[in-house]
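Participant: Sequence:
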Amino acid sequence: SFLDLGEGFALAAANGFSFAVWARPDTHRNSARLLYLREHKSNCYGPRPYVLATALFTFMPIIVCSTVAYVAVAYFWVGLNPAPWRFFNHTLTLLLANMAGASLMITIGTLTRKPSVANMLGTFVMLFTLLFGGPLVNLQHAGTIGNVFGHLSFMHYTFEALMDNELQGYTFELCAKGTCITEDADF
Numbered sequence: 001s002f003l004d005l006g007e008g009f010a011l012a013a014a015n016g017f018s019f020a021v022w023a024r025p026d027t028h029r030n031s032a033r034l035l036y037l038r039e040h041k042s043n044c045y046g047p048r049p050y051v052l053a054t055a056l057f058t059f060m061p062i063i064v065c066s067t068v069a070y071v072a073v074a075y076f077w078v079g080l081n082p083a084p085w086r087f088f089n090h091t092l093t094l095l096l097a098n099m100a101g102a103s104l105m106i107t108i109g110t111l112t113r114k115p116s117v118a119n120m121l122g123t124f125v126m127l128f129t130l131l132f133g134g135p136l137v138n139l140q141h142a143g144t145i146g147n148v149f150g151h152l153s154f155m156h157y158t159f160e161a162l163m164d165n166e167l168q169g170y171t172f173e174l175c176a177k178g179t180c181i182t183e184d185a186d187f
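When the count follows this note's numbering, it moves up by one through the sequence shown with no breaks and lands on 187 for the last residue.
Think of the hints as simulated: they come from the structure by calculation, not from any bench. The structure displayed is predicted, hence computed values, not measured ones. The reader is advised that the hints may include incorrect statements.
Quick list of simulated restraints, FRET-style, between CB atoms [to be verified]:
| # | residue 1 | residue 2 | range |
| --- | --- | --- | --- |
| 1 | Ala176 | Arg113 | 51 to 59 Å |
| 2 | Pro49 | Arg113 | 12 to 20 Å |
| 3 | Thr171 | Ser116 | 50 to 58 Å |
| 4 | Pro49 | Arg86 | 18 to 26 Å |
| 5 | Ala55 | Thr179 | 49 to 57 Å |
| 6 | Phe88 | Thr112 | 34 to 42 Å |
| 7 | Val73 | Asn147 | 48 to 56 Å |
| 8 | Leu104 | His40 | 18 to 26 Å |
| 9 | Phe57 | Asn147 | 32 to 40 Å |
| 10 | Trp77 | Ser42 | 46 to 54 Å |
| 11 | Leu136 | Thr182 | 43 to 51 Å |
| 12 | Thr171 | Thr58 | 44 to 52 Å |
| 13 | Thr58 | Lys177 | 54 to 62 Å |
By construction, the Cβ of each residue, glycine as well, lies at the ideal position given by its N, Cα and C atoms.
Required output: the full structure, derived from the provided sequences and hints.
Facilitator: In structure tokens form, the structure reads like this:
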């Protein structure tokens, strides 16, 4: 049924986004950040090489492995569409969203001097992207400012891509007080 599909999809999306976050050890990140700050103060290198090296050799392998492993297990378990190309699109969409979130957090951590400020700012930015991502705020009724905020959130595009991938080709019948409307889910 559609309700089971929606609950399973919400579980898969939420866990897919959070899996890479808790899989990383904090001790490595803190020591690497302190080393970067020490070397940056002594003018060894700027923030660009640090962000590039951290993204390519620390976060990307962890994000790729954890996302692919999670989707390979959870995608079919929650009953999503078993077509191979939809599975590939789902995996690629979650992978790109994880990379966008990790890159955003690396950038915030690089631009701030204190870890406490980076944590506060990173939390605020992620709450912003989740709030205006689509499932929590109806952007069509949020006004001009809400619509602009929604289009700044990378989660908005992720949610749209995942919904399009999963629901394309379905037909829904909405009935209320004896009146029924049939809608195709083609986006």
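Participant: Against this structure, judge whether each hint is valid.
Facilitator: Do the hints match the structure? See the list:
1. Ala176 / Arg113: 51 to 59 Å: holds, 55 Å
2. Pro49 / Arg113: 12 to 20 Å: holds, 18 Å
3. Thr171 / Ser116: 50 to 58 Å: Hint holds: Cβ distance 51 Å, inside 50 to 58 Å.
4. Pro49 / Arg86: 18 to 26 Å: violated, 38 Å
5. Ala55 / Thr179: 49 to 57 Å: holds, 52 Å
6. Phe88 / Thr112: 34 to 42 Å: holds, 37 Å
7. Val73 / Asn147: 48 to 56 Å: violated, 36 Å
8. Leu104 / His40: 18 to 26 Å: For Leu104 and His40 the Cβ distance comes to about 20 Å; the hint holds.
9. Phe57 / Asn147: 32 to 40 Å: holds, 38 Å
10. Trp77 / Ser42: 46 to 54 Å: holds, 50 Å
11. Leu136 / Thr182: 43 to 51 Å: Given range 43 to 51 Å: violated, Cβ gap about 27 Å.
12. Thr171 / Thr58: 44 to 52 Å: Hint holds: Cβ distance 45 Å, inside 44 to 52 Å.
13. Thr58 / Lys177: 54 to 62 Å: holds, 56 Å
Of the numbered hints given earlier, the model fails hints 4, 7, 11; all others are met.
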